[in-house]
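Q: Sequence:
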Amino acid sequence: MNPPSATPRMPQSPALAGERVAFTGTLASMTHREAQARVVECGGAASEHVSRQTTLLVIGEEGWPLEPDGQPSVKLRHVERLNADGLDIRIVRESEWLGFVGLDARREELHRRCTPAMLSRMLDVSVHQIRRWERMGLIKAVAHVCRLPYFDFQEAAGARRLAELVDAGVPVREIQASLARLESVIGIGSRPLAQLDILAADRHLLYRDPRGRLKTSRGQRLFDFAGPPPAESQPGETVPLKSEDRAPRPEFSATDWFEEGRRLADQGDLPAAVEAFRMSLMEEHDAPEVQFQLAEALYRQGQVRAALERYHVAAELDRNYLEAWTQIGCLLAELGDLSGAVDAFDIALDIHPDFPDAHLHKAESLHQAGRTADAIPHWQKYLDYDQSGPWAEAARQRLKEAGAS
Numbered sequence: 066m067n068p069p070s071a072t073p074r075m076p077q078s079p080a081l082a083g084e085r086v087a088f089t090g091t092l093a094s095m096t097h098r099e100a101q102a103r104v105v106e107c108g109g110a111a112s113e114h115v116s117r118q119t120t121l122l123v124i125g126e127e128g129w130p131l132e133p134d135g136q137p138s139v140k141l142r143h144v145e146r147l148n149a150d151g152l153d154i155r156i157v158r159e160s161e162w163l164g165f166v167g168l169d170a171r172r173e174e175l176h177r178r179c180t181p182a183m184l185s186r187m188l189d190v191s192v193h194q195i196r197r198w199e200r201m202g203l204i205k206a207v208a209h210v211c212r213l214p215y216f217d218f219q220e221a222a223g224a225r226r227l228a229e230l231v232d233a234g235v236p237v238r239e240i241q242a243s244l245a246r247l248e249s250v251i252g253i254g255s256r257p258l259a260q261l262d263i264l265a266a267d268r269h270l271l272y273r274d275p276r277g278r279l280k281t282s283r284g285q286r287l288f289d290f291a292g293p294p295p296a297e298s299q300p301g302e303t304v305p306l307k308s309e310d311r312a313p314r315p316e317f318s319a320t321d322w323f324e325e326g327r328r329l330a331d332q333g334d335l336p337a338a339v340e341a342f343r344m345s346l347m348e349e350h351d352a353p354e355v356q357f358q359l360a361e362a363l364y365r366q367g368q369v370r371a372a373l374e375r376y377h378v379a380a381e382l383d384r385n386y387l388e389a390w391t392q393i394g395c396l397l398a399e400l401g402d403l404s405g406a407v408d409a410f411d412i413a414l415d416i417h418p419d420f421p422d423a424h425l426h427k428a429e430s431l432h433q434a435g436r437t438a439d440a441i442p443h444w445q446k447y448l449d450y451d452q453s454g455p456w457a458e459a460a461r462q463r464l465k466e467a468g469a470s
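Quick note on the working numbering: the sequence shown kicks off at 66 and runs consecutively.
Just so you know, the hints here were simulated from the structure itself, not pulled from any lab data.
Source: prediction; values computed, not measured.
Quick reminder that beta carbons are idealized off the backbone N, C-alpha and C, glycines included.
Be aware that a few hints might be false.
[Unchecked claim] FRET-style restraints, in silico, Cβ to Cβ:
1) Asp189 with His114: 20 to 30 Å
2) Arg384 with Pro79: 55 to 65 Å
3) Gln368 with Ala245: 43 to 53 Å
4) Leu168 with Ala206: 21 to 31 Å
5) Gly435 with Ala245: 35 to 45 Å
6) Gln332 with Arg370: 19 to 29 Å
7) Gln366 with Leu168: 51 to 61 Å
8) Asp153 with Gly108: 18 to 28 Å
9) Gln445 with Glu132: 24 to 34 Å
Whenever a hint applies, use it, and build me the whole structure from the sequences.
A: See below:
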């Protein structure tokens, strides 16, 4: 006979029982529809809009919840007004909410490490723009493996949103004020303000090209006025350059030409960028990074075979140049040499077995070559590094089609 049981255990209440939840901003871990379904699974009610019945507002962490005019999101401002009227609607970050609903593993995705190519797909910006952000200091690599940088997804997503607003002409002061409000509500830290300062400074950065012409960082040419400023000049008027600024610039070094090439490539002046990179190589021909950037510029001009040759030179100068090997594989696949492409990806994986891009591209090349069974483990391996980006969805679809999902 069994002993009498102790006090009966009460069934545990669902995590969100009695809660009415709304979401604002872009979620990094899932879509809004998936998040709303999770709310219902956890005993709560999901709402598209904020009302007096709302009890919880979740702020997505893919970028910042800022409207096109730089103001905090409409839902966040609505909640702030309701709370000022005496309600007590909680405001939490997406990462906190994931803990509430038992999805702690998803929290890691918010700070997942991404290669430039992965970020390009996830954020819908070009790879060369990602590289420019790194050079500006807008984003910082959290790790490097054989010249390959890895970035924090959340930092890059936030940078993209701020860059969009600055490029759209939203006054920096407006964005600063909105970030300060977000800091007071959810504690976003000081990094977004530092990123905004970098973007603001970039808009006013001046430099001289190889011909001595004064330009902005975005390529706009400025007039170089001589002579002293007029006595009646007012604050904000153009100030003439000092005489020492008008002195002839010394001969460009290899590094100077390389930096000029990168600036020109950023501005989209690819023919001039190619020439600048070639000038750099005339001074220092065994520089793998210059060869790689020359290849990038050539490829963006549609010169696939010329670019392929330069990627090969970069890899010859530095056999562990991961991105060079990956680009070699991608271009060979583009040219129809699938066997050569797989060989290039194999070299990249020999150097760095956990290289997500190489696994995905190798899988696609194997699939296109009719070797889908061999591609399956590489699609599966890619999903170890990325669970929610566009490439992850493509890998899942391939696995499903192969009957291996």
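Q: Evaluate each hint against the coordinates.
A: Tested hints:
no.: 1; hint: Asp189 with His114: 20 to 30 Å; result: holds, 27 Å
no.: 2; hint: Arg384 with Pro79: 55 to 65 Å; result: holds, 56 Å
no.: 3; hint: Gln368 with Ala245: 43 to 53 Å; result: holds, 48 Å
no.: 4; hint: Leu168 with Ala206: 21 to 31 Å; result: holds, 28 Å
no.: 5; hint: Gly435 with Ala245: 35 to 45 Å; result: violated, 57 Å
no.: 6; hint: Gln332 with Arg370: 19 to 29 Å; result: holds, 25 Å
no.: 7; hint: Gln366 with Leu168: 51 to 61 Å; result: violated, 45 Å
no.: 8; hint: Asp153 with Gly108: 18 to 28 Å; result: holds, 20 Å
no.: 9; hint: Gln445 with Glu132: 24 to 34 Å; result: violated, 40 Å
Of the numbered hints given earlier, the model fails hints 5, 7 and 9; all others are met.
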